[in-house]
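Required output: the full structure, derived from the provided sequences and hints.
When you line the sequence shown up against our numbering, it's residues 1 to 178, in that order.
Each hint should be verified, as a subset may be incorrect.
Said to hold, decoys possible - Straight-line alpha carbon distances no greater than 20 angstroms define the calculated SDA-like cross-link-like pairs of lysine to any residue that follow:
no., residue 1, residue 2
1, Lys71, Asp24
2, Lys19, Lys41
3, Lys3, Ile61
4, Lys71, Lys19
5, Lys109, Cys87
6, Lys42, Arg169
7, Lys30, Val137
8, Lys3, Phe98
9, Lys121, Lys41
10, Lys30, Leu162
11, Lys121, Ser55
12, Lys71, Gln139
13, Lys19, Gly62
14, Lys82, Ile61
15, Lys3, Gly62
Stated by the list, open to error - So the derived label-pair ranges between C-beta atoms look like this:
no., residue 1, residue 2, range
16, Lys19, Lys121, 15 to 25 angstroms
17, Arg169, His33, 15 to 25 angstroms
18, Glu125, Arg169, 30 to 40 angstroms
19, Glu160, Lys101, 27 to 37 angstroms
20, Asn118, Thr89, 28 to 38 angstroms
21, Ser96, Gly148, 14 to 24 angstroms
22, Leu81, Asn165, 31 to 41 angstroms
23, Met1, Asn165, 29 to 39 angstroms
24, Asn165, Lys100, 18 to 28 angstroms
25, Leu85, Gln175, 17 to 27 angstroms
26, Gly21, Gly106, 32 to 42 angstroms
27, Gly106, Asn20, 36 to 46 angstroms
No lab work stands behind these hints, which were simulated from the structure alone. We treat Cβ as the ideally placed atom computed from N, Cα and C, and that holds for glycine.
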Amino acid sequence: MSKIILYIATSEDGYIADKNGGADWLPHPKDDHDLEVVGYKKLMQRIDIILMGSSSFKQIIGFGNWGWTNKHTYVFSKQVLKAPLSCITITNDSPSQFIKKIRENGTDKDIWLLGGANLAKSFAEDRLIDEIILTIVPQILGDGIPLGLSFDNFYLTNEEPLMDNIIQRTYLRNQSCP
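Printed below as a string of C-alpha cells:
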C-alpha cells in the first residue's frame with residue numbers, strides 16, 4: 001500500500017512560513033546536486049500524487065511555472081478554485097474520504113503531502129501520515145505559521161546533517177498507534 005509522506009521544511013523554531021505566509025527565508029537549491037542532497041529528487045521518484053491545501057496552491061501557482069506536470073496534484077479547498085492544468089484537481093473531500101477513494105482506485109507509488117499546516121494537521125488528526133521527512137533550516141523566524149504537529153505517534157529513524165547547517169529528520173508512524 002502506498003505511504004503518505006509529509007515532506008516539509010521548518011525554521012529552527014518550527015514555522016513553515018513567515019508571518020505573511022511567505023517562504024522567502026527558505027534556501028533555494030542552486031542545482032540538481034542541492035536537490036539530491038535534500039532528498040527532493042528521491043522523493044519525486046517515490047511519488048505520483050501530490051496533496052496540498054489551497055493557500056499552498058495559491059502561493060505556488062503564483063510563481064507562474066508549475067513544476068509537477070508529470071504528477072497529479074490534488075488541492076484541498078472549501079473555496080471554489082479553478083484548476084489551471086489538467087494535472088490539478090480541486091477537492092473538498094475530507095482527508096479520510098479522499099485517501100479512501102485513492103486507495104480504492106489504487107496507486108503504485110507513495111503520496112506527497114506538501115502542506116500547508118492546516119492540511120497536515122487534518123491528515124495527522126486522522127492518523128493518515130505514514131512518514132515525515134522534516135528539513136530544519138537554521139533560521140529563527142519568531143512568528144509565522146507553525147507546523148504545529150505532535151510527533152507522539154512517530155519515532156525518529158534518521159537524522160542527517162545536510163548543507164549549510166540544515167538538518168533533515170525522518171520519522172515513521174508507530175504502527176502500534178491506531
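Of the numbered hints stated previously, which ones are contradicted by the structure, given in increasing order?
1, 2, 3, 4, 9, 12, 15, 18, 20, 24 and 25
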